Amino acid sequence: MIQQLQLILPEMPRGFHLITDKVETFVHPLPEKGLLNLFLQHTSAGLCINENADPSVRTDLEYYFDWLVKENNPHFTHIYEGTDDMPAHIKSVLTGNSLSIPIHNNRLALGTWQGIYLCEFRNKGGRRKIWITVIS
Amino acid sequence: MIQQLQLILPEMPRGFHLITDKVETFVHPLPEKGLLNLFLQHTSAGLCINENADPSVRTDLEYYFDWLVKENNPHFTHIYEGTDDMPAHIKSVLTGNSLSIPIHNNRLALGTWQGIYLCEFRNKGGRRKIWITVIS
Amino acid sequence: MIQQLQLILPEMPRGFHLITDKVETFVHPLPEKGLLNLFLQHTSAGLCINENADPSVRTDLEYYFDWLVKENNPHFTHIYEGTDDMPAHIKSVLTGNSLSIPIHNNRLALGTWQGIYLCEFRNKGGRRKIWITVIS
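If you read the protein sequences in the order shown, they are chains A, B and C.
FYI, in this note's numbering the residues of the first sequence are 3 to 138.
FYI, in this note's numbering the residues of the second sequence are 3 to 138.
FYI, in this note's numbering the residues of the third sequence are 3 to 138.
You may find that some hints are simply not true.
[To be verified] Stretch by stretch, here's where chain A covers chain C in the computed footprint (C-beta under 8 Å, at least three residues):
(1) 47–59
(2) 78–92
[What the hints assert, rightly or not] As a list, the in silico DSS-like pairs of lysine-lysine whose alpha-carbon atoms are at most 30 Å apart:
(3) Lys35(C) with Lys35(A)
(4) Lys131(A) with Lys72(B)
(5) Lys24(A) with Lys24(C)
(6) Lys72(C) with Lys131(B)
(7) Lys35(B) with Lys35(A)
(8) Lys131(C) with Lys35(C)
Read the hints as simulated data drawn from the structure, not as lab findings.
In this text the structure is predicted, and so the values were computed from the model without any measurement.
Even for Gly, the Cβ is constructed at its ideal location relative to N, Cα and C.
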């Protein structure tokens, strides 16, 4: 059985944002067992899973990705939408834009410390659309 | 319901290549709703999703990945298949080799600007095999 | 049809480890066709697919990831669990923590040279839990 929903997230500032609660509330109730796929319909933001507790992990991730993919690289040619544009595309490829998470006992089977992140790589990314597909 | 197909892509030059049309034509017709998984059976190429319009995004991605994972690194020990070999394995881990894309209204639910890329990291990668699994 | 199993891997040393045999033995027998999802319930380790033959690929991957995400970066603020902690979170985001692999003819449809890796990024990561979901 396939169920599909579209979650629209309001604009968030550049950075890594915990969205686990938003996702869990939106898909409630879940089937007893299955697989949930999140698919972000954008090329300058990403989805990933990481620590849900200490916010310093998210701060350090933002620092690191900004260091790894620097703005104003003179070799970039895709530059007319701003200095954050091409770095955002690259970061999106590095994080990926989709997650598949098991559903077990009517809940997302995340580990104790795992949360779902929206990675907003643009300065003004606008609202972001995520297709959610539940297979059960 | 599970359907499986094997898509064989002809050899492409090193770089990032848009293959959305090839995939959509190959899997036509799609079920009304479901999930499509693409699985590349190789360790020196990748699959990712990024901009389908301006080709400068693909050029800049190729520049960036070549900068990030330089050839002729004296620390590499897996070197007997050429200087592009070990960098290709690393790039493949960074991009991933599999994508899961929702199917909605008999179409891939890609965002307006999203396309499917084959990332060819070898100089002469040969043809590339992709297993396509459709769950509906 | 959905089947779920939890695979618990014993503690492994820091590095990239081939776990294909462990996974295949654990999920035997597989259905004729379907999709197998592996979901690692941790934020400081990863899952990826790469070469199953020459172990130098795994050694070079470890070298490369340690070079890319250096320890003792003075900008990191998430530091109280040791110098390997924040780099492990970053590496986990770069590799990802989940894989979806097609099942064809009752086997994982891996390419000739593909193996499944557990990427252990902590010095002492402890045992690691993987949820396996089989859709058929």
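Right, here's what the structure says about each hint:
With 0 residues bearing a CB less than 8 Å from a CB of chain A, the region 47–59 of chain C misses the requirement of three and the coverage assertion fails. Check result for the region 78–92 of chain C against chain A: holds, 6 residues qualifying (beta carbon to beta carbon below 8 Å, three or more required). For the proposed pair Lys35(C) and Lys35(A), the alpha carbon gap of about 19 Å is at most 30 Å, so the pair holds. As the CA atoms of Lys131(A) and Lys72(B) are separated by approximately 35 Å, the hinted pair breaks the 30 Å bound.
Distance hint between Lys24(A) and Lys24(C) is unfulfilled; the C-alpha atoms sit about 36 Å from each other, more than 30 Å. Taking the CA atoms of Lys72(C) and Lys131(B), the gap is about 35 Å. The hint is violated against a cut of 30 Å. Only pairs whose Cα atoms come within 30 Å are accepted, and Lys35(B) paired with Lys35(A) is accepted, the gap being roughly 19 Å. Distance hint between Lys131(C) and Lys35(C) is fulfilled; the C-alpha atoms sit about 25 Å from each other, no more than 30 Å.
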